[in-house]
Amino acid sequence: MQNSRHFVIVGILVILVAVLVNMGLDAAQLFPVKASIQAVPIDWMFDLQIKAISFFFALIMVPMVYSLVVFRRKPGETGEGAHFEGHTGLEITWTTIPLILVIGLGYLGAGNLAEVRAVDPQAMDVTVVGFQWGWRFDYPQGFSSNKLYLPVNKQVNLTLQSLDVIHSFWVPEFRVKQDLVPGETNYLRITPILIGEYKVRCAEICGASHAYMESPVIVVSQADYDAWLSEQVAAAQAAEAAAAGKPDSKRGAKLYEEKGCKACHSLDGAAGVGPTWKGLFGSNVELADGATVTADEAFLVESIKEPGATVVKGYPANAMPALGLKDTEIADLIEFIKTLK
Amino acid sequence: MSSNEHSHSNSLFQGIVTFVVLAFLTAVEFFIAITNASLLLLTTVAFIKAGIVVYYYMHIYKLFEDEDEHAHDHNSFAWKLATNRLGLWLFIVSDAFLFGGLLVARFNLLGLTRPHLDQVLGLGVTAALLLSSFFMNRAETLMAQGDRKGFVTSAAITLLLGLGFFLGVVFVEWPNAAHEGLTASGSAAGAVFYMMTGMHAFHVLTGLIFLGIIIRNALRGHYSAEQHWAVEAATVYWHFVDVVWIFFYPALYLIGRLGG
Amino acid sequence: MKNSSSRGFITSLLFLVGGLVAGLLLGVILHALTTGKFSANYFTDVPSWMLGFLVGALAFFYGLLGYNGVVRGLVWQVVGTLSGAAFVTLVRWILDTVGGGEYTLFDLRNYGLSEPAWVFGGLVGALSFMAGVGAVGDWFKWAKGDETHDHHPEEPTWRTYFGVSLDHKVIGIQYTMTSLLMLSVGGLFALIFRTELALRLKPDGPSMDIISLNLYNSLMSLHGMVMIVSILLGIAGVINYLVPLLIGAKDMAFPRMNAFSYWVTIPAAVLLLGSLGFGGFDTGWTGYPPLATRAPLGMQMFYLGVWVAGWSSILGALNLITTVLRMRAKGMTAFKMPIFVWASLATSLISLTATQMIGLAFQLSMFQRLFGMPFFDVAKGGNPILFQHLFWFYSHPVVYVFVLPGLGVISELLPVFVRKPLFGYKWVAMSSIGIALVGFLVWAHHMFTSGMNEYLRVPFMYATLLVAVPTGVKFFSWVATLWQGKITREMPTPFLFLLGGIVVFLLGGLTGPPNATVATDLHLHDTYFIVGHFHDTMFGGYIFPFFAALYYWFPKATGKRLNETLGKWHFWLMTPSFLILTLGMMRIGLLGMRRRIADFDPTLGFDAWHVILTISAFGIALAVLIFFFNIYKTLKSSEKATGNIWDSRSPEWQVPSPMPAYNYEKEFEVVGEPYDYGLPGSTYVKM
Ligand code: HEA
Ligand code: HEA
Ligand code: CUA
Ligand SMILES: [Cu+2]
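Residue numbers (the numbering used here), protein chains in the order written: chain A, 1 to 341; chain B, 1 to 260; chain C, 1 to 687.
Keep in mind the hints are simulated off the structure, nothing from the lab. A quick note: this is a predicted structure, and the numbers were derived from the prediction, not measured. Among the clues, some could well be false.
[To be verified] If you want the ones that stay clear, here's a sample from chain A, every Cβ over 10 Å from chain C, calculated:
1) S4
2) K250
3) D268
4) A288
5) E329
[Said to hold, decoys possible] BS3-like, lysine-lysine: derived pairs with alpha carbons at most 27 Å apart:
6) C:K141 <-> B:K149
7) A:K199 <-> C:K202
8) A:K74 <-> C:K568
9) A:K147 <-> C:K202
10) C:K250 <-> B:K80
11) B:K62 <-> C:K250
12) B:K80 <-> C:K144
13) A:K254 <-> A:K147
14) A:K278 <-> A:K254
15) C:K330 <-> B:K62
16) C:K330 <-> B:K80
17) C:K686 <-> B:K80
18) C:K141 <-> B:K80
19) B:K80 <-> C:K336
Don't be surprised by glycine CBs; every beta carbon is placed ideally from N, CA and C.
Construct all of the structure, not just a fragment, from the sequences and the given hints.
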């Protein structure tokens, strides 16, 4: 009799506390704005998780606190508690119910993940290159930017590459993140749904300035995006036209940093993954097959365009990526290499 | 003493049979490697070989032997022996995870390709290790029969064979591989090869030191038929290192196709 | 040990100061010598101070003990390190000279400070420590074929604790004190970098105010690993002290190995902290390559320190399993063992096996740095993800190493204060084993965003969620144990810590499933939400129960009971501070606070939050200081507590405190169930 009264009170309290905790958490504005389609199922899943947390929190805390209050010895009271060693039925219940819940959660989680990864065949492509400590976004239209512009309501398939160590692409408002692993290519699909300015924040520690590895991500309307795009393309073409025929070592120096040559080639003669560029131009280069060639323009162009064609002695073949540089860029780079005496 | 003699020849017979079976299985492995290099078959044979060593050479069943009336006297030799055995086996379990990890690394990095290695050398060092196991088993058996001299002879042969293995790996196989272009810093295949053989050789080296110690102590009159835990420990450890090679040998030399 | 060599505490403190100054000066001089110029900065830079601390600590212990025990160990370690480094230098010089090289021996920068020299030196130093302190002497005797004496337990004096002892109780206390020391060091690191986060002296833009980026990263990374080592030591301490008492054994199965396991953690700790003096490292406690390949030399000292400490875990686990399997008292069948013994067993199964994997992962990465072996270098066919798999194959299960003993303490002590049997003993025992086993199958949940095989993420999600089931069994059983008990009215401090542990671990546990479902983890990974999650699990699952255990068994070890008032202050200051700390972490994490950042974007608006978090951190530190003061005060006081003060059924309380050196005079026999509170006339053991 006594016992069932306890159970009823605790039962009511559990429900009450669970509801209150859940309401509190809902009201607390736990997340940044939802700015991508992918965020929708993820936030749905969060919502479910928060409900489960509220419930189980109450389920454990309420009877615990209740016992501490009600079953605490009164002043002067002695004696031992009820000799009650266990109850197999109960044990089986509280093993199987969580088991079922957990399997259900796994099932929902798998479906949820599939939703997040849904592929739009119409998606546009942008290559994201991470390095210590910055981001570069290569657009298929042939130019690079340090800001990620995206049109709203269009899926973008990000190709993620790193030049040095592991980084991680994360825009909190988009919810999803994915690591950039050097030497490998990962992908991440995002469909922005809210116009605004966000930041991509590197989420994997990558050395001293990891904290500062952030770049703007700007979601604009399709019209604005198109305008920006043609502006960039025009600027890039103008630059290329200006560059045509007169390679410039300054631009080359910038490319050396931006395109990631820096990761493997030093300028001061220090050993690296690849041979140093110091004094390279015009020098005699010994190749892996035993031949010796002079590092003239033609050789350098070939080395950059088809790194596997001639392999420098003492260095692994296949190490250097074919980076798909434009002819003018290669010319700039070679101009730069020429200055390194 | 006829019963003793009986068990004497019996154990010799068992040792020889075990050795012959292991040698035969190694030949089978080689044959599989030449014909189809099937991962499944090679793994199966390796497990069979390992099982044989664990049972017949390492006497795993002794772990589960019933204890006599001294079971609760924690100062008795019998109790200490059984406790030490358990400790040693737990150490082996732990160490096995290290080698398991190396195998995982090897398959993760190289998949079903294998580095270019000198097959004759590989077979040679494997044979040396196998033979050393036979003599180690002889040594232990002789000690258990109270034949200290026989023990020393067999243990010394084991030590020489083990030394041969160790020197073979470090001073013949390694330079050989490096000469063929497989260097530690050149490729992941090289790194894996040197790490696996190196860690194994390191264990062989510690085993050799252990052997040296028990031979020396036996020469000074230690150990008896009843009490020779150090000998048993060295034996079990030595065979464990052998079991590791039973897996490493196919993993490095036999499995899959040649990598570039 | 001769008594005459001791110089008293105050003199020793003077030694400490003198040593500190001397070490600092030495650091400055060395620095000037190796760089060939002098700068006032050398007085404030980290390496000089590290040397100062080392020499200071040495001088302090020398003053206290003379040239003995740990002092000799440390001296040998220093000498060993330098000899090892010199040896490598010499060999390289000879090789180079033979090969017609260009360097001379005395050019320190080319050889003396090279990485291989220091790494080899570090290893030799650690081994030298073991020889110097005297933890391996008996083994050498055995190898030489000499007999050694079986040890006879003696009543320890305070000096016993600074040298090699084979008594499990002494070793247990040594472990525990070292653990508290490491907790303070790791906590101090946290206080320093938290202060940096709270300060924003330059309102917009980057604002590093008291420490540099590199120092932040090094302190943060070391905080993680030092705390983890502290936990492993604390667990070993409680297990070592208790398990033989609980099962009625005279000692652990292998007392010498036990001493070895303890002492090897000291050189490991020196190496670990020494990494600060070698430029630190900036990878977090996870040490992922390829970043680790580019980090300063401190990285190698970190790897080496953890590698050495790993042997302590492995051998300790081996010892414990053997002890439990072989040395139980008469009548103590599997399901009559105290529940803490089950927990220790489950923990040890993990330590014994999985520890090899972190050792291997770190070793491979060390070799990649030392010899250029490209295990994790994609350009040469390596794979950085492989490191993560090996690392987490240990480092996930190890989180259950942290909590299983803690949860064991909760299950062990609740019945004492509730005066009621542990609800569902067998289920609780089996849930420990269940957690340990399932814990081996979930490691990749730390790698959901790493770019590992996509399709593997779903099975790992299922496996991870599965751990909630046995953990739930524990929670439900605790609640059912509390239900209708006769709960002690006084609410003594250990009981409070048990309850605090349950609450905090519940919060930590319940924030696990959102990390486990892949899609939500894509948001949570590497944010302060995770930081909040794991501080809750580790505090609730380990720190709180650890303090409960200290308060509870302190009288057993010393015959004196810790002051209750101070204890309550400790609890009521620590718990709310801690809840604010972690809940605050989770909140900013969800909103976009990344972890492992030395400085944060002011536009996020987290400034106030970080100030609150830092204040809470200082609250926790103050609570810990109160605890230290309590220990000091209690040891000074003359009040005795020698009886069964908690009215427990457990065997160790059936004999007077402090525990006699020989444990139980006669072996006891188990005649009942361990937790039959409320069953009139029943006892657990017959003395
Ligand atoms: C003591 C330590 C400890 C413990 C016990 C746990 C327990 C759990 N952890 Fe945690 N974890 C860490 C320490 C710990 N963790 C650390 C240190 C990290 C970060 C490492 C780093 O990157 O530096 C981490 C990170 C971490 C991650 C990776 C996050 C990321 O980096 O992206 C994940 C993902 O799945 C995870 C999940 C879980 C789960 C599901 C549990 C479960 O075991 C929890 C189970 C318990 C409960 C669920 C509560 C009680 C159960 C009930 C009341 C029953 C009913 C409940 C349900 C049906 C839901 N943890
Ligand atoms: C048991 C483990 C444990 C414990 C107890 C703690 C305790 C604390 N932790 Fe830690 N923490 C980790 C394990 C732990 N941590 C791990 C594994 C990481 C991950 C690291 C990584 O990302 O690589 C981490 C990371 C971590 C971060 C994230 C850093 C980042 O990502 O940039 C933060 C930030 O606030 C933090 C804060 C704190 C605080 C304020 C405490 C406080 O509770 C500390 C309170 C203080 C004390 C307990 C000391 C008290 C004593 C004294 C003050 C006396 C000192 C005097 C002398 C020495 C003479 N911790
Ligand atoms: Cu890039 Cu962190
Ligand atoms: Cu985990």
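Verification of the supplied hints:
no.	hint	verdict
1	S4	holds (13 Å)
2	K250	holds (28 Å)
3	D268	holds (17 Å)
4	A288	holds (15 Å)
5	E329	holds (22 Å)
6	C:K141 <-> B:K149	holds (24 Å)
7	A:K199 <-> C:K202	holds (21 Å)
8	A:K74 <-> C:K568	holds (21 Å)
9	A:K147 <-> C:K202	holds (26 Å)
10	C:K250 <-> B:K80	holds (14 Å)
11	B:K62 <-> C:K250	holds (25 Å)
12	B:K80 <-> C:K144	holds (20 Å)
13	A:K254 <-> A:K147	holds (17 Å)
14	A:K278 <-> A:K254	holds (16 Å)
15	C:K330 <-> B:K62	holds (23 Å)
16	C:K330 <-> B:K80	holds (17 Å)
17	C:K686 <-> B:K80	holds (26 Å)
18	C:K141 <-> B:K80	holds (18 Å)
19	B:K80 <-> C:K336	holds (24 Å)
Of the numbered hints listed earlier, not one is contradicted by the structure.
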